[in-house]
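Asker: Each protein sequence line maps, in turn, to chains A and D. The first sequence runs 1 to 291 under our numbering. The second sequence runs 1 to 70 under our numbering.
If a hint is listed, it holds; no wrong ones were tucked in.
With a Cα cut of at most 30 Å, we get these calculated DSS-like pairs of lysine-lysine:
{"id": "1", "chain 1": "D", "residue 1": "K10", "chain 2": "A", "residue 2": "K21"}
{"id": "2", "chain 1": "A", "residue 1": "K21", "chain 2": "D", "residue 2": "K33"}
{"id": "3", "chain 1": "A", "residue 1": "K16", "chain 2": "D", "residue 2": "K33"}
{"id": "4", "chain 1": "A", "residue 1": "K272", "chain 2": "A", "residue 2": "K51"}
{"id": "5", "chain 1": "A", "residue 1": "K21", "chain 2": "A", "residue 2": "K58"}
{"id": "6", "chain 1": "A", "residue 1": "K51", "chain 2": "A", "residue 2": "K275"}
{"id": "7", "chain 1": "D", "residue 1": "K33", "chain 2": "A", "residue 2": "K189"}
{"id": "8", "chain 1": "A", "residue 1": "K189", "chain 2": "A", "residue 2": "K266"}
{"id": "9", "chain 1": "A", "residue 1": "K272", "chain 2": "A", "residue 2": "K189"}
{"id": "10", "chain 1": "A", "residue 1": "K275", "chain 2": "A", "residue 2": "K205"}
{"id": "11", "chain 1": "A", "residue 1": "K264", "chain 2": "A", "residue 2": "K189"}
{"id": "12", "chain 1": "A", "residue 1": "K239", "chain 2": "A", "residue 2": "K266"}
{"id": "13", "chain 1": "A", "residue 1": "K248", "chain 2": "A", "residue 2": "K258"}
{"id": "14", "chain 1": "A", "residue 1": "K239", "chain 2": "D", "residue 2": "K10"}
{"id": "15", "chain 1": "A", "residue 1": "K248", "chain 2": "A", "residue 2": "K275"}
{"id": "16", "chain 1": "A", "residue 1": "K58", "chain 2": "A", "residue 2": "K276"}
{"id": "17", "chain 1": "D", "residue 1": "K10", "chain 2": "D", "residue 2": "K33"}
{"id": "18", "chain 1": "A", "residue 1": "K239", "chain 2": "A", "residue 2": "K189"}
{"id": "19", "chain 1": "D", "residue 1": "K10", "chain 2": "A", "residue 2": "K51"}
{"id": "20", "chain 1": "D", "residue 1": "K10", "chain 2": "A", "residue 2": "K16"}
{"id": "21", "chain 1": "A", "residue 1": "K21", "chain 2": "A", "residue 2": "K189"}
{"id": "22", "chain 1": "A", "residue 1": "K205", "chain 2": "A", "residue 2": "K274"}
{"id": "23", "chain 1": "A", "residue 1": "K264", "chain 2": "A", "residue 2": "K274"}
{"id": "24", "chain 1": "D", "residue 1": "K10", "chain 2": "A", "residue 2": "K189"}
Just so you know, these hints were derived from the structure itself, not from any lab.
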Amino acid sequence: MEEKEEKRKVEMISAKEIRDKYLRHDMMPHIFCTGCGIGNVLDYTLWALEKEGLDMDKTVFLSGIGCSSRLPGYIDVDSLHTTHGRALAFATGVKITNPELNVIVFTGDGDCMGIGGNHFIHACRRNIDITVIAVNNYIYGMTGGQVAPTTPEGDYATTAPYGNLEPAFDMSEMAISSGATYVARWGVKRPNQPINSIQEALQNKGMSFVEMMSPCTTAYSRQNRMGTIEEFWDWYEDKTILAEDYEKIEQYGSEEEKEELEDKIKVGVLHKEKKKSLSERIQELIEEVQV
Amino acid sequence: MIELNEEYCKGCNLCIEYCPRDALEPAEELNEKGIHPPVEVEDRCNGCRLCELICPDFAITVVEEDEEED
Ligand SMILES: Cc1ncc(C[n+]2csc(CCOP(=O)(O)OP(=O)(O)O)c2C)c(N)n1
Ligand code: SF4
Ligand code: SF4
Ligand code: SF4
Ligand SMILES: [Mg+2]
Numbered sequence: 001m002e003e004k005e006e007k008r009k010v011e012m013i014s015a016k017e018i019r020d021k022y023l024r025h026d027m028m029p030h031i032f033c034t035g036c037g038i039g040n041v042l043d044y045t046l047w048a049l050e051k052e053g054l055d056m057d058k059t060v061f062l063s064g065i066g067c068s069s070r071l072p073g074y075i076d077v078d079s080l081h082t083t084h085g086r087a088l089a090f091a092t093g094v095k096i097t098n099p100e101l102n103v104i105v106f107t108g109d110g111d112c113m114g115i116g117g118n119h120f121i122h123a124c125r126r127n128i129d130i131t132v133i134a135v136n137n138y139i140y141g142m143t144g145g146q147v148a149p150t151t152p153e154g155d156y157a158t159t160a161p162y163g164n165l166e167p168a169f170d171m172s173e174m175a176i177s178s179g180a181t182y183v184a185r186w187g188v189k190r191p192n193q194p195i196n197s198i199q200e201a202l203q204n205k206g207m208s209f210v211e212m213m214s215p216c217t218t219a220y221s222r223q224n225r226m227g228t229i230e231e232f233w234d235w236y237e238d239k240t241i242l243a244e245d246y247e248k249i250e251q252y253g254s255e256e257e258k259e260e261l262e263d264k265i266k267v268g269v270l271h272k273e274k275k276k277s278l279s280e281r282i283q284e285l286i287e288e289v290q291v
Numbered sequence: 001m002i003e004l005n006e007e008y009c010k011g012c013n014l015c016i017e018y019c020p021r022d023a024l025e026p027a028e029e030l031n032e033k034g035i036h037p038p039v040e041v042e043d044r045c046n047g048c049r050l051c052e053l054i055c056p057d058f059a060i061t062v063v064e065e066d067e068e069e070d
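Build the full structure now, drawing on both the sequences and the hints.
Answerer: Laid out in structure tokens, this is it:
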């Protein structure tokens with residue numbers, strides 16, 4: 001009964017209360033360009049924190065460098081703004097030395113898959129109990145729009161004026177194949193699914209990865225002619241397909257439907273698995289060798 | 001009833017485009033920041049709160065009618 005009332009209270013909380021509780025109003029308005037989705041990733045994270053009821057005195061945010069990596073600075077919480085690509089190395093240290101802390105990392109596609117790619121695969125492999133929220137805008141936004149390892153083939157960037165020749169990494173697939181135990185991907189246009197996924201990621205006792213496909217309305221949009229802000233936001237809607245629907249079409253779809261899948265991006269909870277995290281195993285070992 | 005923080009709003013118009021009730025429209029006049037911020041169309045908002053969530057800038061809030069009084 002009490003629990004039920006607690007839940008209802010969360011649903012009734014107003015956006016103003018959320019903002020006053022978690023946002024550092026002294027840092028606002030934030031630096032993100034008009035129509036950039038990074039602010040939404042922050043908003044959805046705040047809702048997930050509230051729904052999960054995380055104790056902010058036992059929570060630490062970390063990030064590397066990039067527009068997306070600016071996010072922890074807007075939250076009224078202890079945070080570490082580290083060097084480019086290195087947030088996961090710092091996060092590993094924080095979680096292993098202070099296992100009672102909730103450790104949450106904001107990163108970008110360049111930060112996570114480019115310069116930080118090695119830290120990323122090994123954090124997944126080790127299944128450290130942390131939550132990683134990655135803003136994938138297919139580009140190095142902050143530095144003006146260079147190619148990232150996630151930039152789709154053929155896309156334009158300041159370092160690919162004739163179109164990108166390199167094949168792209170799929171961040172979520174990389175997380176799954178490297179050993180992460182909760183992986184979800186969503187676009188920013190629909191708020192509720194990402195809020196739920198971030199909450200599930202916080203609950204998972206292992207490496208959780210939530211990829212947020214988010215429009216860079218300046219560096220990416222200008223070079224790839226994505227149109228108005230609204231057109232760019234809608235593009236994600238056309239480009240994505242629910243993982244369940246994807247699989248159904250793969251199995252039972254017509255040839256035509258199957259062909260259409262080729263340039264679709266799967267969204268949804270893409271992977272879930274129960275596996276003991278390295279941080280927990282280290283704690284167990286410490287207890288064992290101490291007696 | 002909609003409340004706007006004009007200091008935070010960057011005029012992306014996403015709230016206007018995605019409001020299912022066409023309850024918002026761009027202001028006729030440019031504001032100090034050089035944008036047309038959203039203004040409420042009378043008697044249309046159903047309080048669904050989508051605009052709050054879709055706003056990238058934490059600028060728009062739905063307030064209950066009785067909340068305003070205090
Ligand atoms: C060691 C180092 N190399 C390069 C840079 C320049 N740099 C700053 S941000 C950035 C790319 C960030 O891309 P991403 O993580 O995708 O973030 P976004 O801005 O797109 O959100 C680069 C290359 C740096 N700060 N440090
Ligand atoms: S440069 Fe791109 S990613 Fe960075 S704030 Fe602007 S729109 Fe967002
Ligand atoms: S609360 Fe819903 S109906 Fe009201 S203005 Fe916002 S989006 Fe429109
Ligand atoms: S979505 Fe937010 S920032 Fe964009 S116009 Fe509406 S209130 Fe302003
Ligand atoms: Mg990027």
